[in-house]
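**Student:** Chain by chain, the residues:
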Amino acid sequence: MVRPMTTSARNLSELSPAEVALVEHVGGERAFRRRLMELGLVPGTRVELKAIAPLGDPLELLVRGSSLSIRRAEAALVLVTPGTTEVASAREQAPRTALPAAPVRGAP
Amino acid sequence: MNSGESASLVTAAPHAEPLAAPVVVLVGNPNVGKTSVYNRLTGERAHIGNYPGITVEQRSGRLTLAQHAAVTLVDLPGAYSLSARSAEEQIALEALLGLGGLPRRGLAVVVLDAGQLSRNLYLALQLLELGLNVVVALNMLDEVRENPPSPSALAAFLGVPVVVTDARRGVGFVELKQVIDRALGEPRHGHVTPVYPAALLADAARVAEALPPAWRDTDERNRALAFWALSSIEPDDELRDIPAPLRERCAEVRAAAEPRDLDRELIAARYAVIDGALDRLYTRVARHPPKRRASERIDRILLHPVWGFTVFLGMMVVLFQALFSWSDPAIGVIEQTVAWLSDKLTDLLPASILRDLLVQGVLGGVGNVVVFLPQILLLFLMIGLLEDSGYMARVAFLMDRILKTLGLHGRAFVPMLSGFACAVPAILATRTMERQRDRLLTMLVIPLMTCSARLPVYTLIIATLFPPSHLFGWLPLQGLLMVAMYGFAVVTTLVVALVLGRTAVKGRRVPLVLELPPYRLPSLGLTARTMLERASVFLKEAGTVILACTVALWALLAFPRPETPPDAPPSRAASAEVAPAAPNVRDVRATDPDVRQSPASAARAAEARIEGSYGGRLGKAIEPLFAPLGFDWKIDVGIIGSFAAREVFISTLGLVYGVGATDDVALPLREKLRQETVGDKPRYTPLVGLSLLVFFALSCQCMSTLAVVRRETRTWRWPAFLFTYMTALAYVLSFVVYQGGRLLGFE
Chain A
1 MVRPMTTSAR NLSELSPAEV ALVEHVGGER AFRRRLMELG LVPGTRVELK AIAPLGDPLE
61 LLVRGSSLSI RRAEAALVLV TPGTTEVASA REQAPRTALP AAPVRGAP
Chain B
1001 MNSGESASLV TAAPHAEPLA APVVVLVGNP NVGKTSVYNR LTGERAHIGN YPGITVEQRS
1061 GRLTLAQHAA VTLVDLPGAY SLSARSAEEQ IALEALLGLG GLPRRGLAVV VLDAGQLSRN
1121 LYLALQLLEL GLNVVVALNM LDEVRENPPS PSALAAFLGV PVVVTDARRG VGFVELKQVI
1181 DRALGEPRHG HVTPVYPAAL LADAARVAEA LPPAWRDTDE RNRALAFWAL SSIEPDDELR
1241 DIPAPLRERC AEVRAAAEPR DLDRELIAAR YAVIDGALDR LYTRVARHPP KRRASERIDR
1301 ILLHPVWGFT VFLGMMVVLF QALFSWSDPA IGVIEQTVAW LSDKLTDLLP ASILRDLLVQ
1361 GVLGGVGNVV VFLPQILLLF LMIGLLEDSG YMARVAFLMD RILKTLGLHG RAFVPMLSGF
1421 ACAVPAILAT RTMERQRDRL LTMLVIPLMT CSARLPVYTL IIATLFPPSH LFGWLPLQGL
1481 LMVAMYGFAV VTTLVVALVL GRTAVKGRRV PLVLELPPYR LPSLGLTART MLERASVFLK
1541 EAGTVILACT VALWALLAFP RPETPPDAPP SRAASAEVAP AAPNVRDVRA TDPDVRQSPA
1601 SAARAAEARI EGSYGGRLGK AIEPLFAPLG FDWKIDVGII GSFAAREVFI STLGLVYGVG
1661 ATDDVALPLR EKLRQETVGD KPRYTPLVGL SLLVFFALSC QCMSTLAVVR RETRTWRWPA
1721 FLFTYMTALA YVLSFVVYQG GRLLGFE
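Order-wise, the sequence lines are chains A and B.
For the first sequence, the working numbering gives the first residue as 1, with consecutive numbering after it.
For the second sequence, the working numbering gives the first residue as 1001, with consecutive numbering after it.
Note that these hints are calculated values from the structure, not bench results.
These numbers were taken from a predicted model, which means no experiment stands behind them.
It is possible that part of the hints are untrue.
Simulated DEER-style distance windows between Cβ atoms [what the hints assert, rightly or not]:
#1 B:Leu-1524 - A:Glu-29: 38 to 46 angstroms
#2 A:Glu-29 - B:Gln-1067: 45 to 53 angstroms
#3 A:Glu-29 - B:Glu-1252: 15 to 23 angstroms
#4 B:Arg-1431 - A:Glu-29: 21 to 29 angstroms
#5 A:Glu-29 - B:Arg-1062: 42 to 50 angstroms
#6 A:Glu-29 - B:Gln-1478: 46 to 54 angstroms
#7 B:Arg-1280 - A:Glu-29: 34 to 42 angstroms
#8 B:Ala-1552 - A:Glu-29: 44 to 52 angstroms
#9 B:Gly-1276 - A:Glu-29: 25 to 33 angstroms
Only some residues are given here: those of chain B computed to face chain A with a beta carbon under 10 angstroms [unchecked claim]:
#10 Tyr-1080
#11 Leu-1123
#12 Arg-1223
#13 Ser-1232
#14 Ala-1272
#15 Ala-1393
#16 Leu-1521
#17 Ala-1535
Glycine included, every Cβ here is placed at the ideal spot set by N, Cα and C.
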């Protein structure tokens, strides 16, 4: 069952818990972007907002089988294409990340 | 791209024969069980050294193999990638390649977590691109129940040997050693080829031209180093020893490449080749990222708004109790032992300056060092269990929101809480923070916490100078003051953290990226080992400084030595006089039998002695400086003495006031202090008491804290800064309290 995706890109901090999305673009300052991408959040990767800390910040993300936590302010710098849980589990990350080093796609 | 043996640094021309004493480097992401692997491989205690010039510890040990009897195994700090922003991160590359004066390496063992393979492979890929001789230890395969990756497929993909290990149970290490042994003899270089965009390759080629001669090697490695430089060097990085031409070239290439995103091109290409291989690595094609059901269930409770914080509070109460109360019996035993030893030595040796030096200076100093061990061991036991189980990351996750407002990191919570027991173990605990800036800032504010050594001082001041009355008829004034002192500490810590984080502690704020590893059963063996390591490092490095300071303080209060008074009773009583106020473990010297047995006369002699000592003279010399705070020279001497440890303030004051220095000095001392007058008014008023409280809350009267900060920052600059800012803060605020109080009509 595939529900239509939200049309416009949103950012990670706008997802609700358990919502799944694909990374479009990692923004922010260079060291942060590099660290996040090196941890596997390259464009096209599936990311799930797993939980929000009880005090509202930071967020817990599920990326490539590991749980990462980043602050809300920084999560707002990661643009994503939201998909529903069903969509995401139907197709895993492999097909999409096969686009290596594509010229900037979906970047603002 | 497999360029064969010639590509190897190790086998390259000038180093064709096997290295005399090969060095094997252990690398891996954080939380993959790397330290366990290290322990399994070496079996013996690690040698903890330090990389020159930075605060990264180098753990190394001996690895005994069949064909290579003396291999040194070096454990690198956990890292997700080789690219670096700081000198601390840069050490990974330098250690792997033997740059910057570090020895050349024979082999890199990379530990991969089978449950997080794709992310772990990113680091492995960087090692292979550098043309290093690599062996993979595939760890924690037992945790991946459904659809585990295939080790043989992994070996085929990477082109290097893969050994399945279970560091927790010690499985696979005989084989791992054999494979390392073989690989040292015949290096293998992997063959993974990310498909980089042509433009990026051209950029890398231009950067490679600017590599310093010492870095240059095969074309393959030059390109990998060029990638490293491109992704690491930026105008405001904190790397060290990057030659200017390379720095300039990177900037040029980056500028010319606008608006392309070089970092993204590089990283995405690497992940593309990893993702492309995942189909081959897993038996089932329709894979999901491995689920961590057990961990998720636990997190549902431990990160719950209500239950999560309940458990958290419980854990923190246990941790604090351990430091504050449970360590007490052990501390008591140490103090009694030192006291017993000092009694024995005093009896055994003839009265002489040497005996005093030995008993009061050296033995006292050793006691001053050893007395910290119970708290250090207990704290590292707790931290080890919390860290190993995965809960420490959750503590950071829960508390980050609060600490963020201070410009600190969630991981600062446990060290700061520990600071309420004692700053020394707390500062050692900042090690759990990954970034130098966070560590430093935390270290600089921890000594502001109300540590347990301040309590006896507060008690003395409050009980002596404030009436046991009640505010509004029901609020006990004395108790209220005690609580207020804790509140004051918290508030000043917050303010100081905010200010220092924006001024003194430079280094850009790097956003928090925290990994929440799966929950695992902590390993007691590993924790015990860490405890012993930390304790021995403390003894060796901070202990010597503390010992030296104790002897110096002893000398300050024991010299110049007076002529023996003609009417002094021989031997035992005399010793009380010549040996007044060595700053010892808590009040050890207080149990000096002579002082205990010989009554008022000896005490009075000691009083005269201390007044004539260098310390006494210093106290008098600085009296004008501290007079605006309401302190007289006697208090000043107490403050000087309390540099050994804050509670020594009481026994030093006891000596100054000639009430002896016994454990029950507090009561007679209170009387003395109350009776002290200037003209017809009491010398010490509640206002002086308040000023003194503020001074003790803020000043850094603790040589052990400074010694530990020195050990952790590897420079005297930061302890000097710590001492200066705290003393200045203490002086200014005490001044404001005392003078402000007087303006308001108090005395």
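**Student:** Each hint: holds or not?
**Tutor:** The hints, checked one at a time:
no., hint, in the structure
1, B:Leu-1524 - A:Glu-29: 38 to 46 angstroms, "holds, 42 angstroms"
2, A:Glu-29 - B:Gln-1067: 45 to 53 angstroms, "holds, 49 angstroms"
3, A:Glu-29 - B:Glu-1252: 15 to 23 angstroms, "holds, 21 angstroms"
4, B:Arg-1431 - A:Glu-29: 21 to 29 angstroms, "holds, 26 angstroms"
5, A:Glu-29 - B:Arg-1062: 42 to 50 angstroms, "holds, 43 angstroms"
6, A:Glu-29 - B:Gln-1478: 46 to 54 angstroms, "holds, 52 angstroms"
7, B:Arg-1280 - A:Glu-29: 34 to 42 angstroms, "holds, 36 angstroms"
8, B:Ala-1552 - A:Glu-29: 44 to 52 angstroms, "holds, 47 angstroms"
9, B:Gly-1276 - A:Glu-29: 25 to 33 angstroms, "holds, 30 angstroms"
10, Tyr-1080, "holds, 6 angstroms"
11, Leu-1123, "holds, 9 angstroms"
12, Arg-1223, "violated, 15 angstroms"
13, Ser-1232, "holds, 9 angstroms"
14, Ala-1272, "holds, 3 angstroms"
15, Ala-1393, "holds, 8 angstroms"
16, Leu-1521, "violated, 18 angstroms"
17, Ala-1535, "violated, 31 angstroms"
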